[in-house]
Each structure stands twice: as structure tokens, then as C-alpha cells.
Amino acid sequence: MTESRRGFLKLAGLSAVAVAGSAAVSAKATRSEGHEPPATTGKRLALVVDLRKFAKDDALFAAVVEACHKAHSVPDFGDDAKNEVKWIWTEPFETAFHSEEFHYIREDLKGKPTLLLCNHCDNPPCTRVCPTQATWKRAEDGVVMMDWHRCIGCRYCVVACPYGSRSFNWKDPRKAANLAGLDPKAFPTRMRGVVEKCTFCDERLARGEEPACVAACPNGEMAFGDLNDPASEVRRLLTEHLAIRRRPGLGTQPEVYYIVEDPRSLMEVAPAAEVFEVEEGGHA
Amino acid sequence: MLEKALSGSKYYWSWIFGLLVVIAVGVACWFWQYTVGLTITGLSRDVVWGFYIAQFTFLVGVAASAVMVVLPYYLHNFKAFGKMTILGEFLAISAVIMCMLFIFVDMGMPNRILNVFLYPTPHSMMFWDTVALGGYLVLNIIISHFTLAAERREEPPPRWLKPVILLSIPWAVSIHTVTAFLYAGLAARPFWLTAILAPRFLASAFAAGPALLILLAFFVRRISSFDAGQQAIDTLAKIVTYAMTINVFFVLMEVFTAVYSDIPEHLTHFQFLFTGIEGESTLVPWMWTSSLLAIVALVVLINPKTRGNHSWLLFGCVAVVASLWIDKGLGMVIAGFVPNTLGQVVHYSPTAPELLISLSIYAIGLLVITGLYKIALEVRGQLRKATTN
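Top line first, the protein sequences correspond to chains Z and P.
In terms of the numbering used here, the first sequence has 255 at position 255, counting the first letter as 1, and numbering is strictly consecutive.
Position in the second sequence counted from 1, then plus 1000, gives you the numbering used here.
Keep in mind that the hints were calculated from the coordinates and are not lab data.
There's no promise every hint is true.
Listed below are the simulated EDC-like cross-link pairs for lysine to aspartate or glutamate, each with C-alpha atoms no more than 20 Å apart in a straight line [what the hints assert, rightly or not]:
(1) Z:K53 <-> Z:D80
(2) Z:K82 <-> P:E1280
(3) Z:K82 <-> P:D1227
(4) Z:K43 <-> Z:D141
(5) Z:K70 <-> Z:D172
(6) Z:K56 <-> Z:E261
Excised from the complex, chain P in its bound form (with noise of 0.2 Å):
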């Protein structure tokens, strides 16, 4: 199958040259950072871990969304999910293989990574999330190929599959509550010592996840005769606005809670975040942008008259991934090391290498998403004509 995706348009190669050459450009600066060592990013003895381990985590999120429409279709056997499962699935794949790929440069000896294997320890939460991501790709992986097979064939999908999809839901809010474990269990970090960590994390993957998913569809009818189907896109829409609910329900709960308890070391980290500490204020108009985001997706998306329409909805769904990026692919990792355990505030902010090894890792991610999705719309023969030529 996977030839499909080696023909197309001119329009599809150009397309695939771009993402080559920002790939190419982030591979060159890892091979650079590989050699130098880590000092070419901006983290530091205090903020030990920064932007990588922070698209990381906005990942996982964007990975375990895929059960918001697995979970619909195989479990209540809704049916208008049918043809967004797919793209779905292979929105977690790429989702996954870009997770790994920012623990991958955020790790000083990249060389040593099978030590995490060759020496298991089920007390490291490091270890369990590699155990999950890693079993959630092959998840992935064994049902969108087979189910995509049988689809080829014209068959239903072997039925011993079955299991293997209702095991992967489980498995879907596991890797996003064990990424939140990782984060949630120190002592160290006030900040993230939160029981609602993981809630949230998931509550937030609910909401961009899918959001991601509605404007993967969109585009996908625009390419193609491929419809996921408007009932589909209302449900995923329903799903979205409950989700960014539920996750700004959470997020004020952290707040009345360090706020009202005033105590220094809760508090602290949210000043940084939304005041600034010391003059040190790096994040705090990227917070108010994601927060004001966030208030104007659940205007529009609450609102049914806004979130049936197609242009409001496509605006809803990108303050939703754009707000929720900002909270956990900057904000959540970065307050945590600020102040630090001394209690001295510090800076970070990533580097120019930093970001372009991220971009390429996006891109690698695109490129992988665009691969699968071509192969799915060429299986089932509904790549416009217009696009080939």
C-alpha cells in the first residue's frame, strides 16, 4: 500500500520538497547539537527542560485524541464515524512518531537510548510512558493497516482486530495520564503537583485533538471527494466545545486554588506565568493570548448557531489548538522551572536551533500524515482527479 503514496501531483511533490527541505535544515542543527552537546539550546542548569519536552507533551495529547472517534464508532457502534476513524488513527501515528522524535533530541546521549530497555525500571514514570508510547504506535499501526486492507479488498476487518481496537482506548488515556505522572509525582515542582494534572491533560487533548482532527477533515474535502460526513464534524464539533469546557473548568480550579490558598510556592509559578516575577515576564502576553483564545473558542463553539457554521466553526477549532498550544507546548513545562527550587528566578526562551530542530520535527510529522492520508484517500479512490494532474 504503501506505494500509493510514492505518486501524485505536482502539486503533492512540491509540497512534499517543502517539508524535505525543513526537514533537512532541523537535521543539519541536530547533527550540530549532537556534536556541541545541548548548550546550542537555551535550557539551562535551572530550566533543564524546555521547549522539546514541551511540544512532546502538547503531542501525546494530540496522539490520544484519536479514541474521541475510535471510541464512538467501535463502542456505541456510531456509525457517522465511520470515515474519520482513519484519520484519526493516522493522525496518532504521526502524532506519536513526533513525540518520540523530541524525546529523542531532548536526550544528552541519544546513542544510549536502549538502556531504557536494557535496564527496565518500572519505578521511573520515564520508563512506562516509553512502554505506552511505544505500544500505542504499534496499536495504531496494526489497526490502520489492517482495517484499511480489508477495506481494499472489499472485506470487513478480520474480527480478531476487534480486541486489539477496544485495547487501544485504554491504552489512548494511558499514555496521556502516565505523561501527566511524569510531571505530577516530584516533590520538587509545586507546580505541577496537582491531582488535576492528568485530568487535564487529557480534558486539553480532547478538546485540540479533535479540534486538529475537524480541520484535517476540512482540508481533506477540499482536496478530495473524501467526506467525512457533516454528521461526523458536528459530533467532533459537540466533542471539541465539551472538551475545552471541561479543560478551562480545570484550569480555573488550579487557579482558585493556588490563588485562594495563597500559598508562595503554588502562587509563585502562576504569577510568572500571568504577571510576571522579578521582571521576568517572558511568557506572560503569550498566557492572556491563549486565555482570551480560549474564551472566544467556547463563545463560538457553545453557541450552536455558530458552531454549525462552517467558517465560525474552522475559527473555533484553531483558537482551541492555538490557545491549548500555548498552555501546554509553552507554558505548562516552563512555569514549572520558574522559580526554581532555590526559589531564584530565571530565563528561558528556546533558540534559533532549538526551534528549527522543532520545525523539522513538525515537519517530519506532516510528512508523515500527508504519506498516510494519501495512501487512505487512494485506497478508497476518492483523490480529485484535479490534484493528479
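Just chain Z, with the same shape it has in the complex (with noise of 0.2 Å):
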């Protein structure tokens, strides 16, 4: 938001504009191809989930999901989807990118479970919404974060979520039967009226740690870093593979990256023209 302004500022060389006509040409002034590194210093965190390793291994993503869910006390109620809170959970992979509409994909992913969490945007609609500030994108690493203490619970930034990655909690997530008998030491829970949301583990970047989806992945399935550091394993995979993120077109710029083919791959078993055919039209 802060740099998306600032951007907008610089072109227009206003410094007085009316909010709607402020929020309207910013989000046209960030409509870029590519990935802008913030204006602020550091780092830009982010992740990768390599769908063709965890085409490999099926039992995989529950892992992923308890690993989250249980580090961050999140509640479960069972099948009661109406009251359902989740950090991490997976759809089928064309429901993760509806608006794409693969009609013809390639088998190991028709239907594939595929990990959907916050997008950590870097020009995150929820944080726009809010009207208290509790939630904001951090300025140091970009992580969109949460203030639980704060939050009033008008939902809004679940309204304007484009990714459905926010959960408010319906009921007492501490009558959830999975967190009876918590030990007091673990995550703090939340209580019944506040939005909450993935993180990218806070509290375990603070102690230098992967989130622990990623730390769950024994193969280098997920893959987490800073957008900014040309050395990082992120920037390695996302110059090597093709990957698409949710909704791109929206100017969200979500900040989790899905690798769905390798080209190097392609070129291994394709003749030259067929490679160029699958480059320019895109049909993979």
C-alpha cells in the first residue's frame, strides 16, 4: 500500500487526492509485468510449492497442514465447514486457480490436491480495509501479519480477500476438542470474534527459523525466501521453472509461487519447434 502510494504520488505529482481516486489510479500504477521489489529496504519473503515433488508424494499435504495447524493452535470442528478456521489447507488444483481454466492439463495435476495459504501480497486488499491496523503488511520482510488484540472482527479483510485465506472464528476456538488440555507453553489461542490467518510463522522467523510447512517438506517440496536476495533458493527455482501464482490479473501481487513445469524438462523430450509453440501460446 505504502510504496503502491508512493508510486502513484511520483507519477501524479499530487499530494492531495480524494481516498476513492487515491486507491483507484494507485492500483493502476502497480499493474506492472513483474515483480517490483519494495521501495523499503530488505527483504521480500516468499514461497514456493514445487506441485510436481508433491505430485510425488499424496500423503504429503496432511502433513503440511497438521504441522501448520498444530504449531499455531488452530481450532478444528470436525466437518463443520461453517465454522471452520485454517491457515493451510488444499483444494483440487483447478479450484485453486478457477479463473484459469485448465481444461486439458496434464495428468499429474487433474485434481491434485494443491496447498493454499495467505498470499502474503505485496499489495494486500485486506490491509486496505481494515479499519484499525490490525492487520498490515510489515514493512522489514513484507509478511502480512495479524494483531489479534486489536482486531474488532467486522470481517471486512475477509471480504476483501481475493484467495478466501482468512478465517474468522465463529465460536471459542478453545472448545475445539484438538486444543483441550494445550499445553499453556504452546501458541497463544485466539478467542471467539477475531479474524486470523497464515503468518509465514512469525514467531519462527523471529528465532531464525522456515515456517513450518516448509520445515515439514523433507524434499525441498516448499521452499521459502527473500525475493531480493539474487543468491536466495526461491529466486533459483523461480528463474528456473515456470511457476503462476492465484490471480495474478488483480494486481494483489500474491507472493506464493506454484511451479508447474519444468521447461528444461520440455526441451528434453521435444523437438525445438514444439518447445517455441509451448513458450509463445502457453498451451502446457
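Please assemble the complex out of the two chains, which come individually in their own frames, going by the hints.
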């Protein structure tokens, strides 16, 4: 938000504009093809999910979700979808990328569970709408944070999130069966009436550790790191592979990437002309 | 002046008592909701705003509509609205109070409501909506209090009041514009992502509010000798007619854009409303009822003969209010969530406690308007003796 505002101000050379006008034009100003590094210092943390690797291990999804939800005392209300709280979960690939309309997709992607979580957008709509700044993008590394002690439970952020990544505590999470007898030293539980979501494990980041989901992956199925560091693993993966993001057209700049294809593996099997067609037409 | 609301006939007190019973039931439900959480509503992870927020949206329109009597009276010196303005301002006060209560009951953490002011956030439309609504309430309380107090002393209103009244005109437009911006600025919700949302909100508000005011004026005339005046009612009826016509025109523009462009994520919400998708058709009968009522209302109102006839006008106004209540108080908000952001079709319908809490807020609104209208009528000494026995 701050960066995009700043960008807009530079463009327009105006210091005072109506709130609505500013929001509309700044959205336009940030619409760019590639990733724009933040104007502030340091890091832009991002997550890369390698769908090819996940396709090889169907049991891994459950382990990853379990690792996250256990680490953050996320309540489990069983089949009660209405009151569900989730930080990371799976949807079929076609649902996760529903606006892309994949019709004739590779067998290893068709209907495959795909991990979804907060995208920690570079231009997050949720933080823009929050009336109390109970959710905000951390300037030093781009993590979209939540203050459960300030949230008034208006759920405007849930409405504004294009990814369904936010959950509201419709009932007391502490009453969930899985949280009974929770270690008091464990991650603090929330109370009914506030919104929660993935925070890229800010508590683990503070200790210099990777997010719990990444740590739960044995073979680099997920990678986490700083996109602004050219030597980082995430940068290497994104340079070497074709990765997609969820609904990039909305201008939110999501920072969770999904590797769906490896162009080099295509080159090994396909004649040059076909590779060209694949790259141009995008008929993967 | 408030003491005037505290004396009255046995009909008056039975009405008040009836309202208090409805309010008590709703307050009990709210305490239950406060203890257990919003899980007692039909809201879910997918449909996070529902009946409460939809009522809020509809009532912001009713509140804003006071401008339709204030503007002709004060800007154009349209004397016929002299008696109607106070009814309009009191309706606005009652509607804003209901709006605030609907927001309050929708909050997960109502005890933290002051955080909106402790951490003022100009980039949030909700912050501006709070400011706009609060300001509008204060403006209307000041304006109606001082005009009525002056009238009681048989003096002209104080001179300083004029600029306050003039300020209330753009302010009224702002409350509904900002309320539309709550919805219209969200990339995640294509159904609301339309520049015509604010104009459409205003058009529907300026139809539903004055229609409600006509119904109230008829009612007041029945129970008292206070007559807002034939000319005032005729003019309001014309305002309702124009506003309703413009509103229907705006709706058709939205339908054209969605249907002709055939962009699935725009079209699918209209399909949910009017045909149902994947078997989810909860709102379909409601939306067709709303459309039918709108057409009938237009036929009755546009024809000068039926518009001039009190029974037909009454019918037309009821049709306008009912049609727009369904459109805004049910369809507009819920359709934004179905299908959800993942393209999944989800279901929402309000639960009994949710409806009882809503009903009690409407009862509080009626209580406020009863008290305020009673004061206005007593001050003017026009309450029929028959009703005070």
C-alpha cells in the first residue's frame, strides 16, 4: 500500500487526492508485469510450492497442514465447514486456479490437491480495508501480520481477500476438541470474534527458523526465502522454472508461487519447434 | 421536550409496550450471540456478511433520503415541504441509529468498537463510513432539535442553523456514497466492482426513503390533525417516481454489462440471483418478486391518474419499499459472496436468532421514531384528542 501510494504520488505529482481516486489510480500504477521490489529496505519473503514434487507424495499434504495447525493452535471443528478455521489447506488444482480454466491438463496436475494459504501479497487488499490496522504488511520483510488483540471482528478483510485465506472465529476456538489440554506454553489460542490467518510463522522467523510448513517438507517440496536476494533458493527456483500465482490479474502481487512446469524437461523430450509453440502459446 | 414522548393514550402505551417486548427478545438473543459467538447466525467462512450488513445498507439509504425533503425546502425555498422536513429528519435519525446497531451486532468484538477511533485509518472505507454516519446523526439531531425548539417558542430558527442544514445536504449524499465504496472497491468481489454501485445506491435510497416518508405521512394524518399537505405528498410521489425509474434503469445497465460481456465471474452472480446456480436458488423467488414489484410500482407511479389517487399511491409506495428492501436488504450483499472467491457455490440463509435480533433493531428504530414523531406532533399541538384519551 505504502509503496504503491508512493509510486502513484510520483506519477501524478499530487499531494492531496480524494481517497477513492487515490485507491483507484494507485491500483493502476502498481499494475506491472514483473515483481517490483519494495522501496523499503531488505527482504521480500516469498514461498514457492513445487507441485511436481508434491504430486509424488500424496500423504505429504496432510503432514504439512498438520504441522502448521498444530504449531499455531488452530481449532479443528471436524466436518463443521461453517465454523471452519484454517491457515493452510488443500483444494483441487482446478479450484485453486479456477479463474485460469485448465481444461486439458496434465494427469499429474488434474484434481491434485494444491496447498492454499495466505499469499502475503505485496499489495494486500485486506490491510487496505482494515479499519483499525489490526492487519498490516510488515515493512521489513513484507509479511502480512495480524494483531488478534486489536481486531474488532468486522470481517472486512475476509471480504476483501481474493483468495479465501482468512478465517473468522465464529465460535470459541478454545472449545475445539484438539485444543483441549493444550500446553500453556504452546502458541497462544485466539478468542471468538477475531480473524486469523497464516503469518508465515512470524514467531519462527523471529527465531531464525523456516515456516513450519516448509520445515515439514522432506525433499524441498516447499521453499521459503527472500526474493530480493539474487542468491536465494526461491529466486533460483523462479528463474529456472515456470511458476504461476493465483489471480495475478487483480494486482495484489501474491508472494506464493506454484511451480507447475519445468521447461528444461520439455526441451529434453520435445523438438525445438514444439518448445517454441509451448512458450509462445502457453498450451502447456 | 423529551417529556412529551412520555405521556400518551393507552393505544400509545400498548404500542410502546409491544415494541419493548420485541426489543427484549432481540436483546436476549444478542446476549446469547455475544456469549457463544456469531456462530448462532447463518454466516460462515464463505458468506461472512449477511442479513445484518444488508439491513445496514438498506437503512443507510433511508437515512440519506431525508435530503430529498431538506434540499427542495432549504435550497429551492419549496415551502410545501415545511411540515415534511421534520418528519424526514426524524426518520433519518431513527434510520442512522438502526444502521449503527446493525453494525454493532455484526461485530465479532463489539467491546473493541472504540479501536476504530483509537487507530483512525483513512485508507479504510469503513473508517470513513463510521465518520460519515456519526456526523450525519449529530447533524440531524442538532437541526431537528433547534428547528423544533424555535417552533415551540414561535420564533424563526437561529441564523447559525442555516449553514449546518446546508452541510447536511452533501453529507447525506456522502453517507450512501461511502457505503457503496465499502463494496465497490474490492477486487475480490466482481459483483460489487461496478462504478454504478454508488449512483444506484443513491437512486434506490431516494426512491425507498421518500416512499417510506409518504407512508408515514399518511399514517400521521390518520392519527392526528397534522397534515403534511397534499402538495408535499404529490411532490414526494414524483420524487419517488423519478428515483425509482432511474434505479431500475441503473439495474438494467448492470444486467446488460454482465450478460452481454458474458464474463463468467460477473455473470455468475446474476445467475445466482435470478436463475440459481448448481441448485443453489434460495434468492431466486425473492429477486423475481422484487423485479415484479418494481415493474408494478413503476406502472402505478408513472401514470399520473394512479399516482394522484391515495390508495394507488399507498400501494405504489409499499411496492417500492418492498422491492428495494429485497434488492438491497437481501440480494445485493449475499450475491457478492456466492459463488465465493474460489468459484464454489455456497449457501446462506439467516437463522431465527439472527432474524429476531434484526427485528428488535427495527423495533428500536420504530420506538425512536414513535417518540420523536410524538414530540413533533405535541409541540405543534396537533395530536388528535381522540387518541389521547
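The hints, checked one at a time:
1. Z:K53 <-> Z:D80: Roughly 31 Å between the alpha carbons, so the hint for K53 (chain Z) and D80 (chain Z) is violated.
2. Z:K82 <-> P:E1280: Distance ~16 Å between K82 (chain Z) and E1280 (chain P) Cα, so the pair holds.
3. Z:K82 <-> P:D1227: violated (51 Å)
4. Z:K43 <-> Z:D141: holds (4 Å)
5. Z:K70 <-> Z:D172: holds (17 Å)
6. Z:K56 <-> Z:E261: Holds, because 14 Å separates the two Cα atoms, which is no more than 20 Å.
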